[in-house]
Amino acid sequence: MTPYNPFNRNFGSGTRTKAVRPDMKWHELTRAGNIYEPGNANTYETGDWRSIRPVWNKERCIHCLFCWRYCPDASVIAKDGKFETFDYKHCKGCGICAKVCPVNAIDMVPEDEIEKVKEANKDEN
Amino acid sequence: MKTKVALTGNEAVAQAMKQINPDVVAAYPITPQTEIVQIFSSFVANGEVDTEFVAVESEHSAMSAAIGAAAGGARAMTATSSQGLALMFEVVYIAASLRLPIVFPVVNRALSGPINIHCDHSDAMGLRDSGVIQLFSENAQEAYDNMIQAVRIAEHPDVRLPVMVNMDGFITSHAMDVLEVIDDETVKNFVGTYVPEDYLLDAQNPISMGNFDMYDFYFEHKRQQVEAMKAAKEVIKEVGKEFAKISGREYGLIESYKLDDADVALVVLNSAAGTAKGVADELRAKGIKAGVLKPRVYRPFPQEEIREALKGVKAVAVLDRAETFSTCGGPMFADIRNTLYDLKNDIKVVNYIYGLGGRDLRLEHVQQVFEDLENIRKTGRVDETVKYLGLRE
Ligand code: SF4
Ligand code: SF4
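As you go down the protein sequences, you meet chains W and Y in turn.
124 is the number that this note's numbering gives to position 121 of the first sequence; each next residue is one higher, with no gaps.
404 is the number that this note's numbering gives to position 196 of the second sequence; each next residue is one higher, with no gaps.
Since the hints were derived computationally from the structure, they do not count as laboratory data.
Be careful, since some hints might not be right.
Claimed, not checked - Quick look at which bits of chain Y chain W covers, simulated, 3 or more residues with Cβ under 8 Å:
{"#": "1", "region": "298–312"}
{"#": "2", "region": "411–417"}
{"#": "3", "region": "421–427"}
Computed from a predicted model, the values in this text were never measured in an experiment.
From the three backbone atoms N, C-alpha and C, an ideal C-beta is built for every residue, glycine too.
Build the full structure now, drawing on both the sequences and the hints.
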């Protein structure tokens, strides 16, 4: 057994770590995963959970903003009362926006197809 | 000031709780623990404590309420036995991972089934991997002393973990015993005022507790719990030394009884250690070098101290008051054998399962174990590694 190291005794017990980053070591994180910073869910990127992504069709969109209202992850970004873009860093790909869109202006496209298109474009360049 | 009194184990624990005067106690009755909270609730009714007593509808709720109270910044306690602890199971893990210093006596009783109300350690052993600190008590005195120390251990900034204080159902909980109680003021000063670091009712420092923890953080938080357990070993010793100053009784992680020159030794928890020590004395008078090791702390496991205490012994018997159904012996047997493995000095380690469902451990049984150990020592041969004591076979 490694000898008891008193230097490590106060990990996470005296200091309040504001930002928790995924690269932090166990002794750098706050004790028990306590969160001291309100509203920090924004810093936790959930976009990589997505397997299908919403793709907006500009020509069809009538800017009713049903998608904006229904998105459970606040991942539809609107500007001046109009559809602006998706926040792909947080969109989990649930497809609700596509379902509620009255004019089918949102397509749900598998992420691997997006990858393939990206690859193909790279080859062409 | 110390006073000699005659109390049952349950009364002694209730007395300790009264002197600790926790902010919140949430509990549900279960034999043989019922008396503790029953007596304690009379202290609440009589205004002898300031505690908010929550009579909940189950043990799952009892620990949940204690968690809520502790997370809110209160010094919280509960108490249970057997099925109650089993019902508490999932919430005990949560109390530990939230790092809440909840102290809770567990009056050890066999788990159903078949249904039974008497002593064994299957309840406590079911939670040995939950992340709570487990203290064991040989008699009412130790149960009382452990309760008082448990508060300091649990709340230490390096630890912040729940502490389960075990004592044997009926044998310790219901038998009248002579013990020394410390005066209220001294206990009050010893446990001090609880100063929570982080708590939900702290309006100046908003905090979110019990957050969803994914594959990218959960592992690290479990590692933190291990570190707290490591720190607990030092803290338990420090608190034990400090406790000696107010009581005259010092506590460490283990109690070594006549082990310095022992050839054969028994390892046993709780009240059976008293029986084992008595038999060891008799055998010593006959020239057999017998000793007893009683772990006071089972989680964290005092591996170094046990290895040091048993390193000169030739044959060791581990007595387990619980089955694992691994077919390879009881829970403590695995820990002790593992502990001695690195010594590579061929200490023979055997296991005896005893006392399940409240079966008495008699002096003859302990004598038989020591006799077996003497045979093993002389012949160097182990015929059966795991045996049963007091079983009709
Ligand atoms: S729901 Fe459809 S039409 Fe309405 S704003 Fe969204 S994408 Fe445009
Ligand atoms: S797919 Fe779901 S999460 Fe993503 S933008 Fe649409 S509604 Fe929001």
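Hint by hint, here is what the structure shows:
Three residues within the 8 Å Cβ limit are the bar, and the region 298–312 of chain Y against chain W gives 3, so the coverage statement holds. Counting residues of the region 411–417 of chain Y whose beta-carbon sits less than 8 Å from any beta-carbon of chain W gives 5, enough to reach three: the coverage restraint holds. Chain W is given as covering the region 421–427 of chain Y, and this holds because 4 residues of the stretch bring a CB closer than 8 Å to a CB of that chain, at least three being needed.
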